[in-house]
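**Student:** Work the whole structure out from these sequences, hints included.
Protein chains in written order, with this note's numbering: chain A, 3 to 331; chain B, 3 to 331.
There could be a bad hint or two in this list.
Any copy will do: because identical chains look the same in the list, a pair fits if it lies in one copy or spans two.
What the hints assert, rightly or not - Straight-line Cα separation of at most 27 Å, DSSO-like style, residue types lysine-lysine; simulated pairs:
hint: 1; residue 1: 304; residue 2: 197
hint: 2; residue 1: 304; residue 2: 314
hint: 3; residue 1: 304; residue 2: 328
Honestly, the hints are just simulated from the structure, not real lab data.
Predicted model, so just to flag it, every value in this text is computed and none were measured.
Number of protein chains: 2
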Amino acid sequence: MIAEPVTALLRDASHVVLATHIHPDGDALGSLFGLADILEAQGKNVFCYLEEPVSHLYNFLPTITRASSDLDAALQFARQAKDSGNTVVAVALDCGDADRLGAAKEQLLSITPFIVIDHHRGHRKFGDHLWLESGCSSTGEMVYELAEELGAKVSVDAAFCLYVALVTDTGSFRYESTSPRTLRIAADLVETGVKPDEVAERVYDNYTLARLRLMELVLATLAVHADGRIALIRATADMFERCGATSDDVEGFINYPRSLASVQVAGFVKETSEGTVSVSLRAKGQVDVATVAAGFGGGGHKNAAGFRLTGKSVAEVQNLVLDALKRVI
Amino acid sequence: MIAEPVTALLRDASHVVLATHIHPDGDALGSLFGLADILEAQGKNVFCYLEEPVSHLYNFLPTITRASSDLDAALQFARQAKDSGNTVVAVALDCGDADRLGAAKEQLLSITPFIVIDHHRGHRKFGDHLWLESGCSSTGEMVYELAEELGAKVSVDAAFCLYVALVTDTGSFRYESTSPRTLRIAADLVETGVKPDEVAERVYDNYTLARLRLMELVLATLAVHADGRIALIRATADMFERCGATSDDVEGFINYPRSLASVQVAGFVKETSEGTVSVSLRAKGQVDVATVAAGFGGGGHKNAAGFRLTGKSVAEVQNLVLDALKRVI
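**Tutor:** Here you go:
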């Protein structure tokens with residue numbers, strides 16, 4: 003159920019500024035470019051603001067050239083439209099809190115009315131009008147519902163963007179948030195002309211050689227404990243350097259130790275820039291890793307949590323994690 | 003559209019013998035156990051014949067205990083039912099040709115009428131009544147359609163089996179065969195009570211430690227050629243032995259070289275038992291690996307093909323493959 007007056011505001015607006023969170027992922031970018039296309043097809047003027055250029059991981063999305071990092075241009079677009087008597091709205095997509103808007107937070111929020119469309123659990127309210135569906139698989143799913151409510155035609159390009167949003171935020175329809183509604187929207191998008199194999203190839207077959215080299219080194223660190231119930235891997239700054247890898251390249255590595263049949267808790271200890279060690283934890287079944295992460299000042303969900311420590315080596319952090327995990331297993 | 007008289011025969015039967023192909027995968031087992039549950043809920047007597055015990059990869063499927071490898075018992079079940087004046091049918095699920103029924107082919111085919119339900123391209127007709135949907139994602143999808151046609155209630159157990167069939171035969175809704183109909187059936191199954199995250203955990207998080215150890219060794223063999231357009235990996239018998247790995251453990255390894263953004267053709271050269279080297283090839287875009295495989299006496303599709311050679315070392319085969327791929331790239 004779309005929160006009022008979101009649909010009415012968007013229906014009446016002639017000018018729309020769209021924004022999303024910093025370091026945008028597939029759902030952020032897919033829902034942003036999808037909504038942009040949908041609104042433009044309705045004859046509206048749309049400004050897509052992104053703090054950074056689109057990551058190489060998502061540069062296959064259609065219409066990314068419409069994104070701009072020119073904040074002054076975004077503000078001028080809104081001001082000029084208002085001055086000319088047009089109706090302007092701003093929309094933040096997939097933002098769990100205002101800080102996720104990035105450095106331009108205050109200036110973006112000055113464009114009113116400011117609508118927020120989000121699906122994150124633990125969302126912290128901001129803006130003028132919030133439409134929150136915290137059980138929903140993705141913001142992309144919400145944008146599709148909005149398009150239906152607006153009676154908008156969803157083009158193949160828009161459908162492709164929204165399909166990427168759904169696929170990336172559900173791990174290819176594998177996460178708990180995948181609902182019958184998610185799958186039916188995916189069906190509609192495929193009917194519109196999206197090719198699931200093409201999306202999968204774009205989203206999943208875009209790895210760097212550095213990633214595979216690093217994967218080899220990281221797998222060599224695999225250590226199992228507690229009769230195979232705990233599995234840990236690690237990546238040091240030196241390993242990143244030897245492979246020429248970046249933090250983008252280790253996305254999803256935690257799934258390797260997690261994939262062991264015997265494992266109840268998996269952990270990935272990685273050295274990030276400036277002497278910081280970050281830890282990702284994943285649990286299956288009844289183990290609660292949110293509590294473990296909280297013990298180190300971090301947080302997350304029962305099945306997926308993490309934290310960061312400074313001033314300790316990767317090996318020291320790995321030992322601390324192992325001790326903590328042994329106590330909850 | 004279900005081929006006549008399949009629905010009528012199944013509606014009228016009181017006794018049904020179900021079989022599938024040897025070395026059954028998720029679609030074979032999911033559609034077999036799913037259909038067994040659906041037919042039993044309609045008050046029919048069902049015999050599930052499997053040549054081998056269910057692989058550890060699928061031993062989480064509900065109701066696998068109903069499977070039997072006792073061929074005499076299967077034949078007796080059919081004979082006794084007929085002798086008592088009951089209506090008997092046999093159904094082969096997911097079998098592309100009669101030989102895929104295994105050693106008991108002739109005896110199974112002696113149970114008549116023999117129905118064949120399959121979705122393989124290049125299906126070779128056998129049995130008395132064929133229902134073939136070669137564009138369909140999976141036999142599991144066809145079984146769901148059959149259940150609808152029979153007006154049968156699909157229990158949570160049956161829905162779980164069919165969801166496993168859909169997920170495994172579409173690579174989690176990533177393959178070209180994923181249609182709007184596939185996704186809508188998946189939605190119905192989730193509505194019935196299937197949890198997508200539970201299925202994903204069962205299907206994808208059941209790896210052995212030997213697999214991850216072997217993955218490390220295999221990634222170390224990664225070689226890229228032709229400006230990154232060709233990527234090859236290999237696994238020798240010695241590597242399998244050092245890790246205690248079996249052929250089950252390398253399923254999907256070809257996806258690692260394939261996942262490189264630059265790659266147009268990926269190959270996996272692996273030494274199987276008795277001095278045989280088998281080669282899997284995967285192509286993206288316009289490259290045709292079926293022709294390459296055919297040059298070595300193998301076959302397959304444009305994007306996925308393979309072949310086997312004997313009397314040559316892994317290194318020799320890898321060189322032959324590389325030369326052949328360089329000619330088509």
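**Student:** When Cα atoms must be at most 27 Å apart, do residue 304 and residue 197 count as within-copy, between-copy, both, or neither?
**Tutor:** Classified as between; 17 Å across copies, 34 Å inside a copy.
**Student:** Is it within a copy, between copies, both, or neither that the alpha carbon of residue 304 lies no farther than 27 Å from that of residue 314?
**Tutor:** So residue 304 and residue 314 pass the 27 Å test inside one copy only (25 Å; across, 52 Å).
**Student:** What label fits residue 304 with residue 328 when the C-alpha limit is 27 Å: within, between, both, or neither?
**Tutor:** For residue 304 and residue 328, only the intra-copy Cα distance (16 Å) is at most 27 Å; the inter-copy one is 49 Å.
In the structure shown, no violation is registered for any of the earlier numbered hints.
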